[in-house]
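These protein sequence lines are chains A and B, in that order.
Note that the working numbering has the first sequence beginning at 1, numbered continuously upward.
Note that the working numbering has the second sequence beginning at 1, numbered continuously upward.
Treat each hint with caution, since some may be false.
[Claimed, not checked] Chain B regions said to be covered by chain A (calculated; three or more residues, Cβ under 8 Å):
1) 12-18
2) 94-108
3) 158-167
4) 190-198
5) 221-233
[As the list claims (entries may be wrong)] Here are the simulated BS3-like pairs of lysine-lysine, each with C-alpha atoms no more than 25 Å apart in a straight line:
6) B:Lys245 <-> A:Lys144
7) A:Lys332 <-> B:Lys104
8) B:Lys4 <-> A:Lys271
9) B:Lys173 <-> A:Lys8
10) B:Lys4 <-> A:Lys144
11) B:Lys104 <-> A:Lys314
12) A:Lys9 <-> B:Lys58
13) A:Lys323 <-> B:Lys58
14) A:Lys217 <-> B:Lys54
15) B:Lys53 <-> A:Lys323
16) B:Lys173 <-> A:Lys144
17) B:Lys104 <-> A:Lys304
18) A:Lys323 <-> B:Lys54
19) B:Lys54 <-> A:Lys332
The set of hints was computed from the structure by calculation and includes no laboratory data.
Positions of the beta carbon are idealized from the N, C-alpha and C atoms, including for glycine.
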Amino acid sequence: MSVNIDGKKVLLIDRTIPEILKCNTKIELLMLRAFSDNLYLAGADLIETDRNMLDYLGYVIEPQRLIFRIKGQEDLEIFKRYKFAYGLVEHKPYKGQLLKYLKQHSHVPIILEIEAEELACLSECLKEADLDGIDTVRVQGLNKCLITDWLKLISLIRDNYEVKIDVCPGNLFHLAVAAVYELILSTNRPDFVTVSFAGIGSGQDYAALEEVVMALKIVGKVEVTGETRIFSELSHSCKNTCNFNITRRKPVVGENIFRVESGIHADGLSKNMLLYEPYEPELVGKKREVVIGKHSGTSALGEKLRQLECEEKKENMILILEKIRRRSIQLKRNIEDFELLDMCGG
Amino acid sequence: MELKVIDTTLRDGEQQAGLALGIHEKVAVAELLDSLGVYQIEAGTPAMGGDEKKSIEKIARLNLRSRISAWNRMSINDVKHSIDCGVDVIHISVPSSDLHISTKFGKSEEWILEEMKKCIYFAKENRFIVNIGMEDASRARLDFLVRICEIAKDEGAEMVRYADTVGVLNPTKITDDILNLKRTGIELGIHAHNDFGMAIANTIAAVYAGAGFADCTISGIGERAGNCDFYDLIHAFEGMLPGFKYCEEAIKEKQRDILKILEVC
Numbered sequence: 001m002s003v004n005i006d007g008k009k010v011l012l013i014d015r016t017i018p019e020i021l022k023c024n025t026k027i028e029l030l031m032l033r034a035f036s037d038n039l040y041l042a043g044a045d046l047i048e049t050d051r052n053m054l055d056y057l058g059y060v061i062e063p064q065r066l067i068f069r070i071k072g073q074e075d076l077e078i079f080k081r082y083k084f085a086y087g088l089v090e091h092k093p094y095k096g097q098l099l100k101y102l103k104q105h106s107h108v109p110i111i112l113e114i115e116a117e118e119l120a121c122l123s124e125c126l127k128e129a130d131l132d133g134i135d136t137v138r139v140q141g142l143n144k145c146l147i148t149d150w151l152k153l154i155s156l157i158r159d160n161y162e163v164k165i166d167v168c169p170g171n172l173f174h175l176a177v178a179a180v181y182e183l184i185l186s187t188n189r190p191d192f193v194t195v196s197f198a199g200i201g202s203g204q205d206y207a208a209l210e211e212v213v214m215a216l217k218i219v220g221k222v223e224v225t226g227e228t229r230i231f232s233e234l235s236h237s238c239k240n241t242c243n244f245n246i247t248r249r250k251p252v253v254g255e256n257i258f259r260v261e262s263g264i265h266a267d268g269l270s271k272n273m274l275l276y277e278p279y280e281p282e283l284v285g286k287k288r289e290v291v292i293g294k295h296s297g298t299s300a301l302g303e304k305l306r307q308l309e310c311e312e313k314k315e316n317m318i319l320i321l322e323k324i325r326r327r328s329i330q331l332k333r334n335i336e337d338f339e340l341l342d343m344c345g346g
Numbered sequence: 001m002e003l004k005v006i007d008t009t010l011r012d013g014e015q016q017a018g019l020a021l022g023i024h025e026k027v028a029v030a031e032l033l034d035s036l037g038v039y040q041i042e043a044g045t046p047a048m049g050g051d052e053k054k055s056i057e058k059i060a061r062l063n064l065r066s067r068i069s070a071w072n073r074m075s076i077n078d079v080k081h082s083i084d085c086g087v088d089v090i091h092i093s094v095p096s097s098d099l100h101i102s103t104k105f106g107k108s109e110e111w112i113l114e115e116m117k118k119c120i121y122f123a124k125e126n127r128f129i130v131n132i133g134m135e136d137a138s139r140a141r142l143d144f145l146v147r148i149c150e151i152a153k154d155e156g157a158e159m160v161r162y163a164d165t166v167g168v169l170n171p172t173k174i175t176d177d178i179l180n181l182k183r184t185g186i187e188l189g190i191h192a193h194n195d196f197g198m199a200i201a202n203t204i205a206a207v208y209a210g211a212g213f214a215d216c217t218i219s220g221i222g223e224r225a226g227n228c229d230f231y232d233l234i235h236a237f238e239g240m241l242p243g244f245k246y247c248e249e250a251i252k253e254k255q256r257d258i259l260k261i262l263e264v265c
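Bound-form chain B, shown alone (with noise of 0.2 Å):
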């Protein structure tokens, strides 16, 4: 089994209250995520700017052997700062639930389609890898997160994943929507968050059912309680599935590092 993991530490992560990372931390933060073998770095929001957006020019500038993606809302004017950046992947969030349909945009699911179908064209244009996050996708109709899956495989995206944006998911309910979705044929990734304590769980039932991306942070940091925890997920797979090694010593290592850059315990 290959797992893909996207560490979203320097966005997701450090959405957690209180926390501040500047142009060198984050830097610093990338380099040790990069040792670790992450496939990809989610490094930021450049929309917000300032020191974030450098920090972000700065990671893409590495040419580490992660991946580097950069954070968007379903904007032009988003994707275009991420664009500066240089990044290799350009993630656009697509909200996907009536609730955050209606509540953030007030617009129809067509005006999103078209929205997200315009945001993918002008990234592709620019030569970028997309991926598609599907935002409160827990709570949304499947037929609705089908469709964005069928249009964003058609528009070029790469992958689309599937997010618990308040963390209400559970292990059965990601294998169905996964199986279901998997029919599309565009790869799919997880983001879980753990609000009942179930993050682990549904990240590893999404990958059982064919999803090739998991989401993760460094020691689960991130809002609220928090996401998918990096190296419990792996001890997981290393204690469930025989012949499955990701060096869990050395992310136990590279995990106390990280978190005294982030000074969080």
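Only chain A is shown next, with the shape it has when bound in the complex (with noise of 0.2 Å):
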């Protein structure tokens, strides 16, 4: 996706499948190959790997595009075999023999991931390791840190080190879109944001790449040229082949995100669509769907009754709803359509 803005590159990480890995080692392989090209697709520019990722897909297509988490000496043949984007390595303090090893011999530009949970033991960390030879610091967790704690952080990383900057916010108090959202609009941006489908995280959720994608494309105005329709798909492999629970009202790519049933609102949309919501349904891969039921209105019934081509009168549909807002609530859920065509029958 490479968001550019006034001339200023930041490239957009995807980690889901290895954190999906972690969770769940039976998905059809064919499945996430295929989940990893729409990833691409979606706006990632680069997509984090790791052994456990590459041994599962059998190959390894278009390196330059990965980034390999290297956990131990053990993962070394394979990131000598190819030329990856970059090498990822946790800064621990059991893995420094590793971390000397990589600077020396590394053909690849390093990313040293420190993950912290408060600003001030970051500063420490940062204090404590040492960045010589590393291209750029990944900065992950910090649930807590709201826009300016972030930018905060970011000018003490460009005031102190000659280091790119990627940040990888958890998200366990729900910070974690807006973080990077803000931090890719400001004038310090990072270099790189890294991101899952869905927020999917083993350990802690981290932000939604298509959260993020929209609210760029729609809040912010910034051309991102990730193709948006194929989001619903990938909530589909997600939900059916990954086995990951995507709730109906999840933004961007919930089940129920496009259904419609109250009467201000069904007519409003038949106004203008902006009124009631922020963008087409088709953008994202989805269709809207009007229901009908105990929040209904005349405008609503009267749509939904021409689609089923059913003629009534327009005195006849006061009625109707008094029957529709019964019947609902007896229900407790919408009314199907061969109850509507029973009520105007009955």
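Taking the hints as your guide, dock the two standalone chains into a single complex.
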């Protein structure tokens, strides 16, 4: 997707597949390959991978678009074999020797991943880490940080170290998408942001790729090149192939987000869809569905009856709406088309 | 920091497609919300009539510790329905963006302000507390929002709620807007939707900037991607602000009970 604002690019790194494989190793191989291809289509510039993922996929395509996580000596053989875009190592005391080796022998740039809960802890980690020979620092976690804290952190790194910056906020308090969105649009933006589809994470959740892309496109009015219609398919794969629960209200990809029942809103949408929706459902591969229930009004009912080719006089509509309300409450759900036709007939 | 939670599960939450609550269910949910110490319960829309109006009347008669409010379009007739219910607070929704004003009313901003005045006057004359909701405020011009706030304050409204009707806010914008609107001297509230996954961040930003009231729904239910999730908001504040306590565990337990009543997951 490479967000390009005022000539400065921010690259989007996706880490969904290794996170999925940590929780579920019984995924159909072909589906996983298709999923990986679709992540690129959806806007990911680079995909994070590890030995587990490459073993699973059984091949390496376009290593120059992959970031390879090196967990230990046992990963070095694969790492040396391909020209990945980056090698990624966690900042841990016991990985000191590994990092030293990579700094001397790596044929690709190295990203050092530093995880912290508090800003103060992160400053300490930066001081103790030897950043010489490191290309990029990935800052991960910082669940409590608001945008002002993130901006302070970016300034701190830029002022003191000659490294690129990748931010990967944790989503424990549901602040990750806002942090990524605001950072990309700030003047001191990072070089990379790391996200995952639907925010999937095995230990902690991350900013959701699709929410970040859509927020940039619709709220920030930034030109993004990712194919957003693919989100619906990716969501389907997550749910059916990878067994991840995508809730019905999940922003951008939830099953029910374009189901409309409220009378005021259905009426508004018939005049101008932008009144009560931020974007057209087709943009994310979905369709709007007007359903009839307790909150429906005459406008939505009239439209539904037209779709069902059922003619009703205006004076009857009020009576039908009353029946609909009573029946919806009894059933605790909306009214199906056949039930509506019964009401009109009876 | 004081946070006054307005729970709108029974109004905006229930507008989630497929949800339909009867009198008994709405009353039971209101009692559970009251037991959580919610400052205000937005109980529904009396102008819908029928069981909806009866349920709001019944909730208002329970004499709960939570204040009970009812939602109204900007219409004297709607306000009359709320008065009939005997609620504590009458909430009047005022379209504030050019898009909403032109498409829904085809009238001028001056007309909107005059109608708002008439509705506030009518409700105040009947001795009700009035809250104003600026519908689609996140897509409105700031100067018009300032005028709504100034007039609402002059006419005696207690609070003005900034509604991010289609969820297009971001924390920097809501911070700027709340700081500007605070200068009018009126109490402010925030009503955030979660279309881009930023409802919690936007609500927190608005509260930090000076909004004293925050709208939520149980489990974030509501239209499209839903509203600001009550539990998640409290969880975030408890995690971020040392000393902020709002019985997070109790919310979890009552949320389970409420979701059972709503029959949603």
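For this session: Compare the distance between the alpha carbons of Lys9 of chain A and Lys58 of chain B with 25 Å, and conclude whether the hinted pair is satisfied.
Result: 58 Å, violated
Exercise. Per the coverage rule (Cβ-Cβ under 8 Å, at least three residues), is the region 12-18 of chain B covered by chain A?
Worked result: Held - the region 12-18 of chain B has 5 residues with a Cβ nearer than 8 Å to chain A, which meets the minimum of three.
Exercise. Under a C-beta cut-off of less than 8 Å, do 3 or more residues of the region 190-198 of chain B approach chain A closely enough to confirm the stated coverage?
Worked result: holds (count 5)
Exercise. Are Lys104 of chain B and Lys314 of chain A close enough, with their CA atoms no more than 25 Å apart?
Worked result: Holds - the C-alpha atoms of Lys314 of chain A and Lys104 of chain B are around 21 Å apart, at most 25 Å.
Exercise. Can the restraint linking Lys245 of chain B and Lys144 of chain A be considered satisfied, given a maximum Cα separation of 25 Å?
Worked result: 16 Å, holds
Problem set entry | Check of the region 158-167 of chain B against chain A for coverage (Cβ-Cβ below 8 Å, three residues minimum) | holds (count 3)
Exercise. Quick one, are Lys217 of chain A and Lys54 of chain B close enough, alpha carbons at most 25 Å?
Worked result: 44 Å, violated
Exercise. Quick one, are Lys323 of chain A and Lys54 of chain B close enough, alpha carbons at most 25 Å?
Worked result: 17 Å, holds
For this session: Would you check the hint for Lys332 of chain A and Lys104 of chain B, treating anything up to 25 Å between C-alpha atoms as holding?
Result: Not OK: Lys332 of chain A and Lys104 of chain B at ~30 Å, beyond 25 Å, violated.
Problem set entry | Residues of the region 221-233 of chain B with Cβ under 8 Å from chain A, three needed, outcome | holds (count 8)
Exercise. CA of Lys173 of chain B to CA of Lys8 of chain A, is that 25 Å or under?
Worked result: 23 Å, holds
Problem set entry | Hint consistency between Lys173 of chain B and Lys144 of chain A [alpha-carbon to alpha-carbon, up to 25 Å] | Holds. Lys173 of chain B to Lys144 of chain A sits at ~20 Å (cutoff 25 Å).
Checked against the numbered hints given earlier, the structure breaks hints 7, 8, 12 and 14 and satisfies all the rest.
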